[in-house]
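Colleague: Given next are the chains, with one letter for each unit.
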Amino acid sequence: MVSSTALRKVVVGAGTAAVVAISIITSGTMHVGRLPAHVLRACGSMALFASASLALAIHRSYPKRHDLPSDFSELLTEGPYRVCRHPFYLLLIVAQFSISLSMLSLLGLLTAAALIPLWVLLIRLEEKELITYWGERYLEYMERVPMLIPVLRKAGKRSKSS
Amino acid sequence: MASGMGRRGGLLFWFIIYEMVSWLVAAVSGFITLRFGHARPVESIGFIFSRDPLNAVVCTWLSNTSSFFLGAVLVIINPFLGLLSVAYLSLSLGDLLASWLAGYCPTPHLIYGVVETQAYVLLWLLAVRTYLSQRLCGGLTCRWLSTVSQVKRLLPLATASFLVLAAVEVAEVLTYG
Chain A
1 MVSSTALRKV
11 VVGAGTAAVV
21 AISIITSGTM
31 HVGRLPAHVL
41 RACGSMALFA
51 SASLALAIHR
61 SYPKRHDLPS
71 DFSELLTEGP
81 YRVCRHPFYL
91 LLIVAQFSIS
101 LSMLSLLGLL
111 TAAALIPLWV
121 LLIRLEEKEL
131 ITYWGERYLE
141 YMERVPMLIP
151 VLRKAGKRSK
161 SS
Chain B
1001 MASGMGRRGG
1011 LLFWFIIYEM
1021 VSWLVAAVSG
1031 FITLRFGHAR
1041 PVESIGFIFS
1051 RDPLNAVVCT
1061 WLSNTSSFFL
1071 GAVLVIINPF
1081 LGLLSVAYLS
1091 LSLGDLLASW
1101 LAGYCPTPHL
1111 IYGVVETQAY
1121 VLLWLLAVRT
1131 YLSQRLCGGL
1141 TCRWLSTVSQ
1151 VKRLLPLATA
1161 SFLVLAAVEV
1171 AEVLTYG
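Chain order of the listed sequences is A and B.
First residue of the first sequence? That's 1 in the working numbering, and the numbers climb one at a time after it.
First residue of the second sequence? That's 1001 in the working numbering, and the numbers climb one at a time after it.
Be a bit skeptical, because a hint or two may be false.
To be verified - Taking beta-carbon pairs under 10 Å as the criterion, some of the chain B residues facing chain A (in silico):
id: 1; residue: I1076
id: 2; residue: C1137
id: 3; residue: W1144
To be verified - Each computed SDA-like pair below joins lysine to any residue, with the alpha-carbon atoms no more than 20 Å apart:
id: 4; chain 1: A; residue 1: K9; chain 2: A; residue 2: H59
id: 5; chain 1: A; residue 1: K64; chain 2: B; residue 2: I1077
id: 6; chain 1: A; residue 1: K128; chain 2: A; residue 2: M147
id: 7; chain 1: A; residue 1: K128; chain 2: A; residue 2: M142
id: 8; chain 1: B; residue 1: K1152; chain 2: B; residue 2: A1119
id: 9; chain 1: A; residue 1: K9; chain 2: B; residue 2: L1140
id: 10; chain 1: B; residue 1: K1152; chain 2: A; residue 2: V83
id: 11; chain 1: A; residue 1: K9; chain 2: A; residue 2: A113
id: 12; chain 1: A; residue 1: K64; chain 2: B; residue 2: L1140
id: 13; chain 1: A; residue 1: K64; chain 2: B; residue 2: T1141
id: 14; chain 1: B; residue 1: K1152; chain 2: A; residue 2: P69
id: 15; chain 1: A; residue 1: K64; chain 2: B; residue 2: N1078
id: 16; chain 1: A; residue 1: K128; chain 2: A; residue 2: L118
id: 17; chain 1: A; residue 1: K128; chain 2: A; residue 2: P69
id: 18; chain 1: A; residue 1: K128; chain 2: B; residue 2: L1024
id: 19; chain 1: A; residue 1: K128; chain 2: A; residue 2: R60
id: 20; chain 1: A; residue 1: K128; chain 2: A; residue 2: D67
id: 21; chain 1: B; residue 1: K1152; chain 2: A; residue 2: G79
id: 22; chain 1: A; residue 1: K64; chain 2: B; residue 2: G1138
id: 23; chain 1: A; residue 1: K64; chain 2: B; residue 2: K1152
id: 24; chain 1: A; residue 1: K64; chain 2: B; residue 2: A1119
id: 25; chain 1: A; residue 1: K64; chain 2: A; residue 2: R8
These aren't lab readings, by the way, just hints derived from the structure by calculation.
Values in this document were obtained by computation on a predicted structure and should not be read as measured data.
Cβ atoms here follow ideal geometry from the backbone N, Cα and C, with glycine treated the same way.
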């Protein structure tokens, strides 16, 4: 069984490095017109800046060691953790897509997309550890806050209630 | 946070460092191009003349916006990395300077180039401010809220600034080009 720490290194470290490298190497391979290319580059770079800034705001709040749930003195449920349970990962996923878009790299986009199942697997593994460590508190938090994408949860709730 | 701005490592410190690097790189690269390379006519002037004004404004605007935000990513990771963005940007100013000294670039375009470089540097300093506030904030919520508000401010401000600059550049090239 893969540990979440090892998988995190693969997905967050190697995965992001791979997307960045592939995007740079295959930069400009997405063939669209001149104006759409400018629009995609601008949107991609704006999204990259926003997601990187917000991801860094979260990461700079983590303790130096943050591999295990026991490295945290409290369960994070405030700020971005009110919106979804894994805001740091969500922002990294957005950043991976944004960098590929800003470099107009089709292969970069495909790599970022190919990594999504690994992100989901990583989150599932982490959540198992979080449930074991925080117990009922984490289960209650899971009830209240969606895993990754806030909109889907709200839409789901609305359809259930209707 | 305000008390941190004047100290070493504060906003004023980074302003001075960025300005120094910007002028130094522009002067050195301009000199090297003029002395050892060959100064060429400015590409942006040819680009603007080759298309209709509205298209030129939009392309210049979007191109500058994406360059700015890609550079700002380095700044937000660490302002020292941001020096790479400043240095890279200043290489274009160096080219412009060499081109002006060789008589290929009209003076108004050189002035525009200086203004544009200053706009980049000043807007990147806003990203430095976001970095500094992230460092100075005590907890996650403070860090998150301050970053959200500063990103919300910087996105429209930079986009609008580069739109105005693009319009000014195209008007300046069409008038004095």
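Colleague: The structure should be examined with respect to each hint, and the outcome stated for every one.
Modeller: Structure-based check of each hint:
The beta carbon of I1076(B) comes within 5 Å of a beta carbon in chain A, closer than 10 Å, and the hint placing it at the interface holds. Among the interface hints, the one on C1137(B) holds; its C-beta lies about 8 Å from the nearest C-beta in chain A, closer than the 10 Å criterion. Hint on W1144(B) holds. Least Cβ distance to chain A is approximately 4 Å, under the 10 Å limit. As the CA atoms of K9(A) and H59(A) are separated by approximately 15 Å, the hinted pair is consistent with the 20 Å bound.
Between K64(A) and I1077(B) the alpha-carbon distance is near 17 Å, which keeps this suggested pair within the 20 Å criterion. Of the supplied pair hints, the one linking K128(A) and M147(A) holds, its CA atoms being roughly 13 Å apart against a limit of 20 Å. Taken as a hint, the K128(A) and M142(A) pair is honoured in the structure, with Cα atoms around 12 Å apart against an allowance of 20 Å. At roughly 18 Å between alpha-carbon atoms, K1152(B) and A1119(B) fall within 20 Å of each other, so this suggested pair holds.
Under the criterion of a C-alpha separation no larger than 20 Å, the hint pairing K9(A) with L1140(B) is inconsistent with the structure, at around 23 Å. Annotation: proposed proximity of K1152(B) to V83(A) holds, straight-line Cα distance about 17 Å (limit 20 Å). Between K9(A) and A113(A) the CA atoms are separated by roughly 18 Å; this keeps the pair inside 20 Å, and the hint holds. With a C-alpha separation of about 14 Å, the suggested pair K64(A) and L1140(B) falls inside the 20 Å cut-off, and the hint holds.
Proximity of K64(A) to T1141(B) is assessed by CA-CA distance (about 18 Å); at most 20 Å being required, the pair is judged to hold. With a C-alpha separation of about 32 Å, the suggested pair K1152(B) and P69(A) falls outside the 20 Å cut-off, and the hint is violated. About 17 Å separates the Cα atoms of K64(A) and N1078(B), which keeps this hinted pair within 20 Å; it holds. For the given pair, K128(A) sits about 15 Å from L118(A) by alpha-carbon distance, which is consistent with the 20 Å threshold.
Proposed proximity of K128(A) and P69(A) is supported: the alpha carbons are some 11 Å apart, at most 20 Å. The suggested pairing of K128(A) with L1024(B) is violated, with an alpha-carbon distance near 54 Å, which exceeds 20 Å. As the CA atoms of K128(A) and R60(A) are separated by approximately 24 Å, the hinted pair breaks the 20 Å bound. Only pairs whose Cα atoms come within 20 Å are accepted, and K128(A) paired with D67(A) is accepted, the gap being roughly 14 Å.
Taking the CA atoms of K1152(B) and G79(A), the gap is near 16 Å; set against the 20 Å cutoff, the hint holds. For a cut-off of 20 Å, the pair hint linking K64(A) to G1138(B) stands: about 15 Å separates their Cα positions. The straight-line distance between the Cα atoms of K64(A) and K1152(B) is roughly 28 Å, outside the 20 Å bound, and the hint therefore fails. Distance restraint check for K64(A) and A1119(B): the Cα-Cα separation of roughly 36 Å exceeds the 20 Å cut-off, and the hinted pair is therefore not satisfied.
Pair hint K64(A) plus R8(A) holds up; C-alpha atoms about 16 Å apart against a cutoff of 20 Å.
The structure does not agree with the numbered hints 9, 14, 18, 19, 23, 24 stated previously, though it agrees with the rest.
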